[in-house]
Structure formats: C-alpha cells, structure tokens
Amino acid sequence: MSDKKGSFENILTSLPLESVGLIQLNRPTVLNALDTQTLHEVVTALDEFQSAGIRVVILTGNDKAFAAGADIKAMVEAKASDQIQDERENLWRRFNSTSIPIIAAVNGFCLGGGNELAMACDFIIAGDSARFGQPEINIATTPGAGGTQRLTRALGKSRASYYCLTGEMFSAQEALAWGLVAKVVPARTLIQEAKIAAKKIAEKAPLSARLIKEGINASFNSTLEEGLKLERRNFYLTFALEDQKEGMKAFLEKRKPHYKGQ
Amino acid sequence: MSDFNYLKTNLNNATMEISINRPEVYNALNGDAKMELVQAIRMAGRDEQVKTIILTAEGRAFCSGQDLNDRSVQGIGSERVDLGHTLETEWNPLINSIKNSKKLVIGAINGVSAGAGLSIALACDIIVARPGAKFISGFSGLGLAPDAGASFTFVKAMGYQRTLEFFLFNQPLTSENLMEVGMINKVEVDFLGVAREMAQKINKMAPLSLELIKKNLQAAQEMGFKESMDNETVTQRFLGASDDYQEGLKSFFDKRSPEFKGS
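For the record, the sequence lines run as chains A and B.
Using this note's numbering, you'd call the opening residue of the first sequence number 1 and step up by one each time.
Using this note's numbering, you'd call the opening residue of the second sequence number 1 and step up by one each time.
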C-alpha cells in the first residue's frame, strides 16, 4: 500500500498496525465534505486494502470533522439527471459490499453524507465531542445515501424523524444511548481506541469476522427466518475451515491461536 | 491586539487575561458582548502560546447577566420573545466555550455576579473571588427560572433545598458561602494576583494532562462509577504513550523540574 500513497488526493492511507488499514479523509478546508472523488478514493483504498490481505480498516476524519456532508458547492447547480448519472450510487454499493470490517472513528461533525458514511461502516467509535445529524432538510433536499434508512433502524422512527425533519444535531452521548455508536471515548484518545478495537478484530479468525459482518448486515435485509438460515449456514461453514480447528485447540491448550484465514 | 468593543484582553506570561469591559452597566452582556467573549475564549483555546485563561471584569461587578436593554429579550408590542433562542444561540454557547475549552479557565471574580452572570462565574474551572463578592440569582423576580447551567451547577453543590431557597428568594450568597460548599477555590483580597500565581503554576504542567483532567472530571459529574473508570483507563493509556510522560518520569528520577512540550 505504501507505494500507492501518492495516488490519492483527498485521503491519506496508512498501515498503523499489522493487518490494520487506516483511511483518513483529508479535505480539512471543507470539513471533509464528501464529494464523489473522495468517495471514489475511499472505495478504491478499501479494495486495495482488501486485496492486500488487510483484515480491518479504520475510517476517520480529523479533530474538527469526520465528514460534514456532501459537497454543497458542487451540488448547488446540479440537476436530477446529473444526480441520477452520478457514479455515487455505484460507489456506495461498492462500499457496502466490502467484506472486511470497517470501523468509523468519529471526532467533530458527522453530518449528512458524512453520517451516512459512518453508519455504513460496521460500527462507530465516537470522540465525546462528536456531533451527529442529517441536516439535508436545511438546504431543501433529503438524505440520499441511507440517512432515512440506517438512522431509523438505529434510533427508531420517532427520533429519526425528529432529527431528519428538524435538521438538529445530536451528541455523542445521545448517539451512544440510542445505539448508533458502540463506544464514546475522550476525543483525544479516539484513534488510539479505534486501533485497539481494530487490533482485537485483526487477531481473530478473519473469515469469522467476514461471516459475522455478513450475518449482521443480512439482519437488515431479511426476515428473521432467512437471517437465521444464513447464520446457521455460516456457522456450519466455519467447521470446514482450518482456523476453527486451530481456535478451539488453542482454547483447550490454553495458548494463543495462529490463524491463517483458511 | 484587542479588537474587542466589550472586552479587554492581555497576554501575560502565557496566560490570556480576558476582562469584561462594560462597567457602566455592571458588565451586563448584550448579544455582541457575548459573541466577543465566545470568540476571545475560543481564540485563546486555539493559540499555542496561551496555556491558561483568566476571566475577570472591569469595575465593581463581575457580570450582571443578560443586558435587559437588549431588544432581543424584550419583544416588540404584543409579540413575545423566544428566550430559549437567546439561550441556544448566545448563553449556552458562551458557557460551553468555557466548559469545552482545552485550556483551564480561572475565574478572578472581582464583584457581584447576577442572573446568567452566575453561570459564567461558576463555569470557570478554578475560581478565586474577592471577599464578600455577591452571587445573586434574580430570575424569579422577573418571573423566570435559572438558566445557562445554573440549576445543575448549584443543585450538585448545595443540594435541592438550599438551591431552591437561593433561586426563590434571591438572597445573595457570598464568596465565603460558596467556598464553604466547595463551589469556589479561594477567597482573596488580591484575587487577581492569586489567580495569576495559580496560572503560572498551571502553565508549567503538561497540557494534555491538564486537558484530560478537566474533561474527565466534567464527564464524571454526569456518569456512573464504571463509565468514569473506563474513561480513566482510556485516558491513562493515551497519556502513558505521550512524550510528556517520558519527560515526567525522567525528571522524577533526575530530581529536577519537568519540561513539558504538549506532545
């Protein structure tokens, strides 16, 4: 990956720990507004990480903003046809089909398209001063990449409606209480804590992590019966893998397992 | 450097001294004055040369709260005002600019604090007050209720019954009274001198450590034991990896004063 660093303009990529990739949105002057190119670079970096055998990715912004929405300057004169032809939908689909876990590490503003990006990750760790919201209604449009869907699943209908309709922001502590984020930590310590979570995951059997991600995502798209069926099959599948044997043996022998991803 | 109409500012040995400067109205704040105060506190927070902030005021009063001559709180004719809006857009951001500042804010309380002025004084991290300085609520006299964080701050420190009495009858409390319940740190004739001395001590400390001590104590007031302990764990892991901790350890074993760099 390191030799590819130069190929991105709007993001920085690095490998902070073994098998852990980091993507930092890097357009500080526009609070990391998520334009199409940035989204394209994120998806490309994810693909590259995935093919390089990276097991977990941390996606983050900076102290001020994870990402404050889409690029309004670029959209003010856009037509419906421009939006329909934009490759964003396809990019979101690619983002959502990433099979390795993605952790969103959120400090500062996490708004609109930025919140949609964070919610599309597997879980969110937030700094204690992070602010979340879907303020699209303030500029006479609507969330366009999951805001009304994923926020509703996390917050429930009434709260999601309140925040999408008023455009108000909510705090990290509220997001934690409502189940939108997994953990809130002092803002200063955010990257450290995201790395610790990533390390824990990277040390587990990689295929288990992928199957768990698949199962949890399926719970949003299927009936309980279908979801349970998928889960049961994935469970059976792990018994066809070397890592399952290794994991259980290591447990019984009270030693650390050595997983191969097979 | 002062481009402010309602404040005086002065950088003194890495301490930014901000002084509310409307003595003719007992330092009541109108919308612009509040905005300037927020701006001054945020600028000091961002300025790497500034290590601590002292907040004080000119004249005999510290701050008498909302300037009631401000049109925005009077309403015009039969139209009623939205004081919630004044709080959301002016007072609450002002209180939060103190609470959320990465720098410690020392209140050097020169005289009376009233109304929302109470909330400014008590939002400071360390408070040094002039003997006999008065703290008055006054809200109930106008048919209003305490705001800008005063309910939380007082009830935490004084308990329900005494706080209720204070907010109902508007009898002033003094520096000495608040010292007794742990809401202020020192009562001193030379309050500003003592505030400056404390600032100089703090200016030598490790900035990340100061920032996180402030943050975690504020958080602890609103969370349970387990959450607070988790916060401490995360914080110590972070500080333990800092350069300043290395310097702190080294200086301890070398038996010298540490020189912290903020990294």
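Please keep in mind that the hints were generated in silico from the structure rather than gathered at the bench.
By construction, the Cβ of each residue, glycine as well, lies at the ideal position given by its N, Cα and C atoms.
Be careful, since some hints might not be right.
[As the list claims (entries may be wrong)] Away from chain A, derived, C-beta distances all over 12 Å, residues of chain B:
| hint | residue |
| --- | --- |
| 1 | T86 |
| 2 | T174 |
| 3 | Q218 |
| 4 | E227 |
[Claimed, not checked] Below 25 Å or equal to it, Euclidean Cα-Cα: the simulated SDA-like pairs (lysine to any residue) are:
| hint | chain 1 | residue 1 | chain 2 | residue 2 |
| --- | --- | --- | --- | --- |
| 5 | A | K64 | B | N216 |
| 6 | A | K195 | B | Q246 |
| 7 | B | K201 | B | Q236 |
Do the hints match the structure? See the list:
In this structure T86 (chain B) is separated from chain A by more than 12 Å, as the shortest Cβ-Cβ distance comes to about 17 Å. Annotated as non-interface, T174 (chain B) keeps its C-beta farther than 12 Å from every C-beta of chain A; the closest such distance is 35 Å. Chain A draws Q218 (chain B) into its interface by the beta-carbon criterion, the shortest separation being 10 Å against a cut-off of 12 Å. Taking the minimum C-beta to C-beta distance to chain A, about 9 Å, the non-interface status of E227 (chain B) is violated against the 12 Å cut.
At roughly 20 Å between alpha-carbon atoms, K64 (chain A) and N216 (chain B) fall within 25 Å of each other, so this suggested pair holds. For the suggested pair K195 (chain A) and Q246 (chain B), the alpha carbons sit about 22 Å apart, so the restraint of at most 25 Å is met. The hinted pair formed by K201 (chain B) and Q236 (chain B) meets the criterion: a straight-line CA distance of about 22 Å does not exceed 25 Å.
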